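Participant: Could you build the full structure based on these sequences and the hints that come with them?
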Amino acid sequence: MQRCDLHTHTTKSDGVYSPRELVYLLYSKGIKVFSITDHDSVEALAEAEVESLKLNMELIPGVELSAEYKGEEVHVLGYFIDVNSEYLISYLETFRKARKERFWKMVEKLKELGIEINPDISKFEENKAIGRPHIARELLEKGFVSSMEEAFEKYIGDSGPAYVKKFKISVEEAIDIIHKSGGIAILAHPGILNRMDEVIDISILKGIDGIEVFHPKNPNYVEDKLKEIAFKNGLLITGGTDFHGDLEGQGYPLDFNLYCDFSGKRIDVVRR
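Counting along the sequence shown from 1, when you hit position 11 you're at 39 in the working numbering, and nothing is skipped either side.
In short, the hints are calculated from the structure, not lab data.
Quantities reported herein were computed from a predicted structural model and do not represent experimental measurements.
Derived pair list, reagent style BS3-like, types lysine-lysine, alpha-carbon separation capped at 27 Å:
#1 K182 to K139
#2 K182 to K137
#3 K255 to K245
#4 K170 to K137
#5 K260 to K245
#6 K194 to K170
#7 K125 to K98
#8 K125 to K194
#9 K98 to K182
Facilitator: This is the structure in structure tokens:
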């Protein structure tokens, strides 16, 4: 088995590192197999593939789609996707437009609150999946808050005065998009969901292929429960750090001891 991380993010969504920087960082940590799973974007994959080939690393093309179940945000990971799938490209363009519209609506709401961050439009035009972390960074850099966490708590969290609801699809639609794009669908970090059991049940019913059992926010008892569910239902077991970067509020460090084997599109991940 090879050391792996199947859940990471880059500057093409809400990560801190560019695709190239992330590849070299993963390499420095001894990770041989990885997936970049940017939110509603596959823009990082071409650059990452070029760099990973130089280092003899295995890149599994991935994406993390934003879905919803009974008002709760649910993420579905797609692995081994065809990034040239017209079906996938069409949906990602819809996501991109919705994210951009939401971003500027939140900027406007902040302005109404007397907080003008005046973001550099050109800086965000390149990003295909802008979101709240980008606004939080602007608030932090311009001195309106002292931390990313404070930005969410005071302004852009789900109950914040500048919050704008995110465009989402159903769990079934997310699974369908991934399958029609040639990939396998994995329920991301179910351990953080309020309706974990219910979401898992509906995901299984709609054809989910696996569960992200290993995630930094999953305590051991949740891991054990998720493993049991996976074994009982013949689901794949995956995991990753959900790494976004080294800044406060930007995910988790790359020190999650995961190892994996994969044959075709079947992944087997364990934690040591």
